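Enquirer: Using the sequences and the hints, build the whole thing.
As they're listed, the protein sequences go chains A and B. Read in order, the letters of the first sequence are residues 1 to 243 in the numbering used here. Read in order, the letters of the second sequence are residues 1 to 246 in the numbering used here.
Just so you know, these hints were derived from the structure itself, not from any lab. Note that the structure is a prediction, hence the values are computed from the model and not measured.
Below 25 Å or equal to it, Euclidean Cα-Cα: the simulated DSS-like pairs (lysine-lysine) are: (1) K68(A) with K124(B); (2) K122(B) with K152(A); (3) K124(B) with K152(A); (4) K220(A) with K18(A); (5) K195(B) with K137(B); (6) K206(A) with K99(A); (7) K152(A) with K47(B); (8) K63(A) with K122(B); (9) K232(A) with K150(B); (10) K221(A) with K18(A); (11) K145(B) with K196(B); (12) K196(A) with K232(A); (13) K150(B) with K28(A); (14) K63(A) with K124(B); (15) K220(A) with K235(A); (16) K152(A) with K221(A); (17) K219(B) with K196(B); (18) K12(A) with K221(A); (19) K122(B) with K68(A); (20) K213(A) with K12(A); (21) K63(A) with K99(A); (22) K165(A) with K206(A); (23) K150(B) with K235(A); (24) K220(A) with K11(A); (25) K206(A) with K173(A); (26) K220(A) with K197(A).
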Amino acid sequence: MAAKKVDSLYKKRSDGRKMDEIRPIAAKVGVVPSADGSAMFETGGTRAIAVVRGPRVLHPQNKRNPQKGILRVSYGMMPFSVWDRIRPGPSRRSEEISKVSEWALDAVVDLDAFPNTVVDVFIQIPQADAGTRVAGLNAAAMALAHAGIPMKEMVSAMAVGKADKTIIVDVDKDEEDFHDGEGATDIPMAITSRTKKITLLQLDGKISTEELKTAIEMGKKACGDVLEVQMKALKEANTEDKE
Amino acid sequence: MEKEKRQLVIPGETIVSGNSFLPGESTYRDGEDVVAAKFGISEVTDKQVRVIPVSGAYFPRRGNTVIGTVIDVTFNGWLIDFGGSANAFLSLNEVHRYVNRNELNDFLDIGDSAVVKVWDVKAKGIDVSMKMRGFGKIEGGMLFKVNPNKVPRVIGREGSMVKLIRGATGVNMTVGQNGVVWIKADNIEKELSAKKIVEFVVANATMSGLTEKTESYIKELGLEIGEKAEIIEEDTDKDEAKEDKK
Numbered sequence: 001m002a003a004k005k006v007d008s009l010y011k012k013r014s015d016g017r018k019m020d021e022i023r024p025i026a027a028k029v030g031v032v033p034s035a036d037g038s039a040m041f042e043t044g045g046t047r048a049i050a051v052v053r054g055p056r057v058l059h060p061q062n063k064r065n066p067q068k069g070i071l072r073v074s075y076g077m078m079p080f081s082v083w084d085r086i087r088p089g090p091s092r093r094s095e096e097i098s099k100v101s102e103w104a105l106d107a108v109v110d111l112d113a114f115p116n117t118v119v120d121v122f123i124q125i126p127q128a129d130a131g132t133r134v135a136g137l138n139a140a141a142m143a144l145a146h147a148g149i150p151m152k153e154m155v156s157a158m159a160v161g162k163a164d165k166t167i168i169v170d171v172d173k174d175e176e177d178f179h180d181g182e183g184a185t186d187i188p189m190a191i192t193s194r195t196k197k198i199t200l201l202q203l204d205g206k207i208s209t210e211e212l213k214t215a216i217e218m219g220k221k222a223c224g225d226v227l228e229v230q231m232k233a234l235k236e237a238n239t240e241d242k243e
Numbered sequence: 001m002e003k004e005k006r007q008l009v010i011p012g013e014t015i016v017s018g019n020s021f022l023p024g025e026s027t028y029r030d031g032e033d034v035v036a037a038k039f040g041i042s043e044v045t046d047k048q049v050r051v052i053p054v055s056g057a058y059f060p061r062r063g064n065t066v067i068g069t070v071i072d073v074t075f076n077g078w079l080i081d082f083g084g085s086a087n088a089f090l091s092l093n094e095v096h097r098y099v100n101r102n103e104l105n106d107f108l109d110i111g112d113s114a115v116v117k118v119w120d121v122k123a124k125g126i127d128v129s130m131k132m133r134g135f136g137k138i139e140g141g142m143l144f145k146v147n148p149n150k151v152p153r154v155i156g157r158e159g160s161m162v163k164l165i166r167g168a169t170g171v172n173m174t175v176g177q178n179g180v181v182w183i184k185a186d187n188i189e190k191e192l193s194a195k196k197i198v199e200f201v202v203a204n205a206t207m208s209g210l211t212e213k214t215e216s217y218i219k220e221l222g223l224e225i226g227e228k229a230e231i232i233e234e235d236t237d238k239d240e241a242k243e244d245k246k
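Expert: Structure, rendered in structure tokens:
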């Protein structure tokens with residue numbers, strides 16, 4: 001799975017990483033003490049915070065599900081998260097990411113015990129350098145666990161991609177904007193921790209079937225690394241109640 | 001209950017393997033393995049495996065004492081908001097004294113607070129009662145909220161911490177499992193110092209030797225550690241302490 005594709009125009013990564021190497025990760029749980037659950041997740045220059053509130057009674061009433069509780073995810077980038085100001089408020093892009101994140105997390109949370117309620121997950125990006133939706137998902141999964149929401153397993157996410165003909169893991173902004181040759185392809189993906197099922201897979205760009213398979217395999221491996229960091233952060237967060 | 005193994009687990013993590021184990025609360029079976037379905041401390045007793053949550057929102061359980069606020073008066077009871085996932089229903093029949101059916105809001109009106117016991121937790125909602133001693137409408141004093149996960153520490157073993165605070169400040173104090181604390185005394189100074197002590201306990205909940213630390217903090221405040229015997233209303237604490245041990 002080493003770097004290959006002899007005549008690719010993308011030979012070396014700007015930060016000196018190997019092609020299948022992820023950026024340095026940091027994670028912390030309990031960053032917003034007043035919330036039911038919260039977490040921070042950071043890969044390189046991308047940082048996401050997630051806050052969970054609930055389960056709580058859902059308004060408006062017509063959105064309620066009498067069978068089970070619903071999950072509601074809201075994603076947003078802060079105005080100062082990139083060099084140009086981001087206009088605050090919902091946008092086409094943020095609505096899309098909220099929805100796919102919701103689907104990715106909905107596969108693991110189990111809200112059967114809380115009918116007519118909602119669990120709100122708020123993802124905010126204070127600092128962005130590509131891969132914000134996967135960073136947000138990682139933070140959200142930790143925050144949900146921290147909030148004591150019943151979950152079958154965890155979710156870990158990572159973006160893989162392709163710059164010209166080279167498959168790379170954890171795409172940063174420079175690589176996302178790579179225009180030479182075949183250009184750049186971005187594939188954010190999320191894997192569950194136990195059953196290793198894919199709960200998010202998006203593709204922006206061009207890629208062959210064979211290359212996609214390789215990319216997904218590399219992504220799965222990277223998600224394993226992410227999971228370790230998530231577990232460590234959660235276990236460190238709770239030194240209390242040791243008796 | 002003998003505890004064999006206690007460890008912090010995250011959702012999806014295998015706690016034990018083997019068909020002889022029964023998946024209990026917040027766990028599920030996946031093939032041979034018993035897997036955690038919540039973030040918390042796993043407890044493996046003889047055959048049963050369960051996970052006790054260590055953080056997050058408050059989930060009511062039968063027998064809990066909670067303090068809530070009336071948000072609606074219906075034709076046969078009251079709806080009480082205690083900060084949980086659903087509102088609690090207090091039926092007219094579960095009140096310790098006679099209340100005229102047509103004048104429910106003479107007893108409890110919207111905005112009033114009450115100490116109630118969780119009687120039943122169903123998918124439809126939560127039923128509460130105030131028939132036992134120590135429960136009822138809150139009149140006077142002050143209410144404030146602490147992290148519900150720290151409540152066992154505020155109560156202490158067998159209610160020891162509550163007794164300590166009562167003894168030192170001479171207040172009447174009830175701690176709801178939902179994190180709401182009610183303090184009442186004959187003057188506000190006592191209430192404020194009791195609140196300070198509770199906040200100290202919450203802030204230092206993870207430390208070992210918490211009782212000694214609290215005692216020295218009480219002395220710092222210029223108070224004395226009073227007699228623990230002068231408390232009459234003990235019923236509620238005992239229930240809470242029991243719940244906390246479970």
